[in-house]
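Novice: Whenever a hint applies, use it, and build me the whole structure from the sequences.
Protein chains: 2
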Amino acid sequence: MKIYLAGPDVFLPDATEIGRRKVDICARHGLTGLYPLDNAVDLSGDNVSLTIFKGNQAMMDAADAIIANLTPFRGPGADAGTVYELGYMAGRGKMLLAYSNDPAAYPDRVARFDQVTKSASGHLTDSDGLSVENFGWPDNLMMIHALDLHGCSLVTPKRAPADIWHDLSSFEACVGLAVDRAKSKSS
Amino acid sequence: MKIYLAGPDVFLPDATEIGRRKVDICARHGLTGLYPLDNAVDLSGDNVSLTIFKGNQAMMDAADAIIANLTPFRGPGADAGTVYELGYMAGRGKMLLAYSNDPAAYPDRVARFDQVTKSASGHLTDSDGLSVENFGWPDNLMMIHALDLHGCSLVTPKRAPADIWHDLSSFEACVGLAVDRAKSKSS
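Residue numbers (this note's numbering), protein chains in the order written: chain A, 648 to 834; chain B, 648 to 834.
Hints may contain errors.
Copies of one chain are not kept apart here, so a pair can be met inside one copy or by any two copies together.
With a cut-off of at most 25 angstroms between alpha-carbon atoms, the simulated SDA-like pairs for lysine to any residue come out as follows [what the hints assert, rightly or not]: (1) LYS765 x VAL695; (2) LYS765 x LEU690; (3) LYS701 x LEU659; (4) LYS649 x ARG739; (5) LYS701 x HIS770; (6) LYS649 x ALA687; (7) LYS701 x SER816; (8) LYS832 x ALA758; (9) LYS832 x ARG739; (10) LYS805 x VAL763; (11) LYS805 x GLN704; (12) LYS649 x GLY740.
No lab work stands behind these hints: they were computed from the structure.
Specialist: In structure tokens form, the structure reads like this:
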């Protein structure tokens with residue numbers, strides 16, 4: 648079983664090392680991890696970003712499943728590139744798994760960056776007057792329910808780990824779920 | 648031709664009115680606009696968010712194309728729910744169109760919220776040391792090239808309009824592109 652390893656991990660200073668650790672965890676569970684090519688492309692070449700896109704899309708097409716790192720990135724929600732990939736894999740009918748190292752509910756995440764106001768009826772809005780989703784989920788409902796219906800529910804730790812970018816406990820929990828799901832499908 | 652109208656527009660105080668305006672613009676061009684159900688669901692019922700998800704997914708499955716509003720939402724990048732839907736439609740092989748009412752390049756957007764540092768080699772990082780994508784695009788390369796390859800390139804205005812949430816000029820440009828593309832496919 649091949650798993651595409653999506654996440655803003657590719658933007659970390661030690662992106663290649665994190666990728667190696669994730670691929671090793673997959674291998675220990677008998678799976679093949681496919682890590683995005685963002686850091687394996689010659690940055691001095693032409694059309695670098697297009698080369699990365701095509702390589703990542705080919706990897707997704709070759710994979711049976713995705714494990715997406717939906718830990719909040721530059722704001723209250725997940726990294727856009729990762730979310731695009733989660734949607735793409737859903738559209739292709741692949742198995743979806745994801746984790747977030749931040750278990751906080753979405754309104755609490757928004758409140759870190761902006762003032763959230765509650766109306767008499769309980770409706771939440773931000774300082775621009777835009778609604779703040781308040782269904783008890785950590786992030787946008789489209790991702791949460793896609794995971795519920797096309798794979799396994801979002802994995803979160805009870806508490807955010809000290810190092811949200813390097814703690815791979817919830818990632819490894821996703822790998823375990825993928826193995827269980829693959830076994831139950833084949834039996 | 649049916650077009651799914653994705654965007655954080657559903658979070659605006661006048662979400663229903665914006666949806667009506669978008670559907671009207673589609674109709675004037677001979678297209679059928681399908682606007683997400685987030686505001687048409689009984690909020691007092693059970694499983695509200697799951698009902699919204701299932702309704703939106705069924706609408707996407709019924710649509711031939713998507714026009715996604717990728718205007719930055721609560722941070723430097725597009726709304727996660729919208730990006731999920733763009734990815735889903737790409738995975739389903741549908742035609743992709745999108746606009747952003749903010750034409751700024753991604754590093755400039757990040758610099759509004761955080762300090763962006765440039766290394767001697769020109770590499771950009773944020774205050775956490777994470778890379779800032781710097782290919783000249785307004786948002787993550789996965790969305791930008793998905794649009795290039797599976798539809799039409801991201802539409803942006805020369806300058807951000809005064810009201811980024813209500814100006815529909817770039818939306819209407821996408822509708823025009825969808826009509827042209829549909830004609831060239833059928834001829």
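Novice: All the hints need checking, so say for each whether the structure fits it.
Specialist: Now for the hints, and whether the structure bears them out:
Proximity of LYS765 and VAL695 under a CA criterion of 25 angstroms is satisfied inter-copy only: 19 angstroms between copies versus 45 angstroms inside one chain copy. For a Cα distance limit of 25 angstroms, the shortest separation of LYS765 from LEU690 across copies, 16 angstroms, qualifies, whereas the shortest one inside one copy, 47 angstroms, does not. Taking CA atoms no more than 25 angstroms apart as the test, LYS701 paired with LEU659 passes inside one copy only; the shortest distance there is 21 angstroms, against 35 angstroms between copies. When the C-alpha separation of LYS649 and ARG739 is checked against a cutoff of 25 angstroms, the pair qualifies both within a copy, at 15 angstroms, and between copies, at 20 angstroms.
In this assembly of identical chains, LYS701 and HIS770 lie within 25 angstroms of each other by CA distance solely across copies; the values are 22 angstroms between and 42 angstroms within a copy. In the homo-oligomer, the alpha carbons of LYS649 and ALA687 lie at most 25 angstroms apart inside one protomer (19 angstroms), although the nearest pairing across protomers, at 39 angstroms, exceeds that limit. Taking identical chains as interchangeable, the C-alpha atoms of LYS701 and SER816 are never at most 25 angstroms apart, the minima being 30 angstroms within one chain and 31 angstroms between chains. For the homomeric pair LYS832 and ALA758, neither the shortest alpha-carbon distance inside one copy (41 angstroms) nor that between copies (47 angstroms) is at most 25 angstroms.
Taking the shortest alpha-carbon separations for LYS832 and ARG739, both the intra-copy value of 18 angstroms and the inter-copy value of 23 angstroms come in at or below 25 angstroms. Proximity of LYS805 to VAL763 under the C-alpha cut-off of 25 angstroms is restricted to the intra-copy arrangement: shortest distance 24 angstroms within a copy versus 32 angstroms between copies. Taking the shortest alpha-carbon separations for LYS805 and GLN704, neither the intra-copy value of 33 angstroms nor the inter-copy value of 30 angstroms comes in at or below 25 angstroms. In this assembly of identical chains, the alpha carbons of LYS649 and GLY740 lie at most 25 angstroms apart whether taken from the same copy (14 angstroms) or from different copies (22 angstroms).
Hint check: violations occur at hints 7, 8 and 11; the rest are consistent with the structure.
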